[in-house]
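A.B. asks: All chains should be built: construct the whole structure from the sequences, respecting the hints.
From first to last, the protein sequence lines stand for chains A and B. Mapping of the first sequence onto this note's numbering: position 361 corresponds to residue 1016, and the numbering continues sequentially without gaps. Mapping of the second sequence onto this note's numbering: position 361 corresponds to residue 1016, and the numbering continues sequentially without gaps.
This list has only true hints and no planted wrong ones.
Since the list gives no way to pick out one identical chain from another, each pair is judged satisfied if it fits inside one copy or across any two copies.
Below, computed lysine-lysine pairings styled on DSSO-like, alpha-carbon distance capped at 27 Å: (1) Lys1000 to Lys937; (2) Lys730 to Lys773; (3) Lys730 to Lys932; (4) Lys657 to Lys678; (5) Lys799 to Lys936; (6) Lys730 to Lys799; (7) Lys919 to Lys742; (8) Lys934 to Lys730; (9) Lys932 to Lys799.
These aren't lab readings, by the way, just hints derived from the structure by calculation.
Chain residues, written in single-letter form:
Protein chains: 2
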Amino acid sequence: MKNYSIAKSRRIRSTPYTSRIEKQGVTAYTVYNHMLLPAAFGSIEESCEHLKKNVQIWDVAAERQVQISGPDSGKLVQLMTCRDLSKSKIGRCYYCPLIDDNGNLVNDPVILKLAEDKWWISIADSDVIFFAKGLAAGNQFNVKIFEPEVDIIAIQGPKSFDLMEKVFGKTIKELKFFGFDYFDYKGVEHLIARSGWSKQGGFEVYVENTESGLDLYDYFFQIGQEFNVKPGCPNLIERIESGLLSYGNDFDNNDNPFECGFDKYVNLDTDAVFLGKEKLKKIESEGVKRKLMGVHIETNYISLTGSLDIMSDDGKIMGNLRSACYSPYFKKVIGIAMINEPFCKASETGKLEIEGKIFALKVCDLPFI
Amino acid sequence: MKNYSIAKSRRIRSTPYTSRIEKQGVTAYTVYNHMLLPAAFGSIEESCEHLKKNVQIWDVAAERQVQISGPDSGKLVQLMTCRDLSKSKIGRCYYCPLIDDNGNLVNDPVILKLAEDKWWISIADSDVIFFAKGLAAGNQFNVKIFEPEVDIIAIQGPKSFDLMEKVFGKTIKELKFFGFDYFDYKGVEHLIARSGWSKQGGFEVYVENTESGLDLYDYFFQIGQEFNVKPGCPNLIERIESGLLSYGNDFDNNDNPFECGFDKYVNLDTDAVFLGKEKLKKIESEGVKRKLMGVHIETNYISLTGSLDIMSDDGKIMGNLRSACYSPYFKKVIGIAMINEPFCKASETGKLEIEGKIFALKVCDLPFI
Chain A
656 MKNYSIAKSR RIRSTPYTSR IEKQGVTAYT VYNHMLLPAA FGSIEESCEH
706 LKKNVQIWDV AAERQVQISG PDSGKLVQLM TCRDLSKSKI GRCYYCPLID
756 DNGNLVNDPV ILKLAEDKWW ISIADSDVIF FAKGLAAGNQ FNVKIFEPEV
806 DIIAIQGPKS FDLMEKVFGK TIKELKFFGF DYFDYKGVEH LIARSGWSKQ
856 GGFEVYVENT ESGLDLYDYF FQIGQEFNVK PGCPNLIERI ESGLLSYGND
906 FDNNDNPFEC GFDKYVNLDT DAVFLGKEKL KKIESEGVKR KLMGVHIETN
956 YISLTGSLDI MSDDGKIMGN LRSACYSPYF KKVIGIAMIN EPFCKASETG
1006 KLEIEGKIFA LKVCDLPFI
Chain B
656 MKNYSIAKSR RIRSTPYTSR IEKQGVTAYT VYNHMLLPAA FGSIEESCEH
706 LKKNVQIWDV AAERQVQISG PDSGKLVQLM TCRDLSKSKI GRCYYCPLID
756 DNGNLVNDPV ILKLAEDKWW ISIADSDVIF FAKGLAAGNQ FNVKIFEPEV
806 DIIAIQGPKS FDLMEKVFGK TIKELKFFGF DYFDYKGVEH LIARSGWSKQ
856 GGFEVYVENT ESGLDLYDYF FQIGQEFNVK PGCPNLIERI ESGLLSYGND
906 FDNNDNPFEC GFDKYVNLDT DAVFLGKEKL KKIESEGVKR KLMGVHIETN
956 YISLTGSLDI MSDDGKIMGN LRSACYSPYF KKVIGIAMIN EPFCKASETG
1006 KLEIEGKIFA LKVCDLPFI
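C.D. replies: Next comes the structure, spelled out in structure tokens:
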């Protein structure tokens, strides 16, 4: 597979950490929320192995925030998501599918409740800010909506806990999963959540003070040698093995939350007022006709650049493959696919054509591990 | 400047033409509306020279359409833009700044009126679909909004007229600037507009029938030798010289249309009902404090990856540079910058630091040529 350069410009925003990761050996980028997101530091297989055993520092500034504040902010945030937020607490993160009028997905952010009237929507790759602005204007809500200058550094991997303790003290280890609080670094307070886009454990620092964030970024590498700290980025292999779904890759605005297995975040039997509620009730009562599933593919190389049709053994279209990679753990290619009924159950078999060759595959439940 | 690879995935969608342009020698991509947009076929200087004299075929499928149809479609389209569309005609394209509740820009699409109740918004790089969906839901408009499968091929350059005549016959030359009509290619009707993202003249084919579009793409190269046809893409040099502004590069959601020189598309003295109208009236009466201007910079190389502060001769911040390139025509670097009052007039001088070196610059009006 030939490599193509990325043409940089202001429209594809750099992050405060871009010059650092370029010195540290980033080799590939993707674009996420109109910003550079590192995609590889050399081999993603080696990086995956390292992440599972050690600790990595990630420039994930591309996880942008949409800040919604003001008297109607709670109403607007609830209107956008099918997850009931009526009992949500300040200091907690909530994984929330955002839904449009048709019951289809708009994004799957983590929502942070900063105050009763102040929220951050930490978004996947789509312009939630314009969805929020449209809804607010249409409903004449009294809110303020903007993208604050917040650039996230993620600290991921099993040794992230000890590294973070060394910087912020013991209390950081008491942070519960998806909880957040404020921690001091050389006199500057940083919002830190126990979260991140891997299943290896870790934290995300929501940096508002860029200068302090840059200093902190460097400090992690200065003191992290004993934990074998390395620069990294969201890892394709690790995230597929862990079944972490990606908006735009595994699902998009043509899919509904039941098809994506988000059932537990769809709270239809509550008083919560949100878009697409009646549509989702109808979809639930009728049942979905396809579902995101895992697949094991009998090959050891793939470079997926778009959807790929999956055929049943008797030549019917079973669904389409949306993400895939070689997994050193399974010693074969694994992927995430939208599988149609009646094929969406574990151990169904099918086949796939890649560059003229046919490979056998087997459907499985998510997550893989 | 080191090159970095682009990491492809389904989220960064390929176009129907991607495999073709990769065989034809594309070397760099950017990402635009979550899709691959070619950014270079080797030297952009040579490509610029070729474009000015010949004809190029561009894969600009990344110019996505937002289709809005239904009884309230006209009302919704008007609500999004400060340009008065009350006298708009079927078969015409309209360049329209989209505006939010604060009077700031959301996008600057070309809007095609297909019927009284059917519109295509041919967008720059932001998710207008979610802005439209939010507004429609909030206002309970009776509309249908979706992204149709339309992939544009642009035919650009002075010889595009003769090439198009050879394919579609004489009548295509009668199409007025920003007019569109339907033309037959081997029994398939294609919507073709006299438009495109260069000032060298040309057409855009809004391909709905992908198979026919692929055939047409190949046909242009088969029969275009006499016009020296080549593959190409929107050219950084040509578009800056021509003063074609780019959303995300030259302006974004932090800027208003008066700052960007869109005054003639801001129709405040009409009955048109649109977002931000009162804000824009206030901005107009107070006058803007900064403006997009051209700059000539006394150097022959730049690789701009973000904004760069411009200083006045006595050390004040004059504004910031947002796009720039070496122009073989001017034999120096030219750029587009947001310049603050009292500096935003032609022939003001200032300076710029690039990689530790200071370069003199002079402000000028747009467009350059």
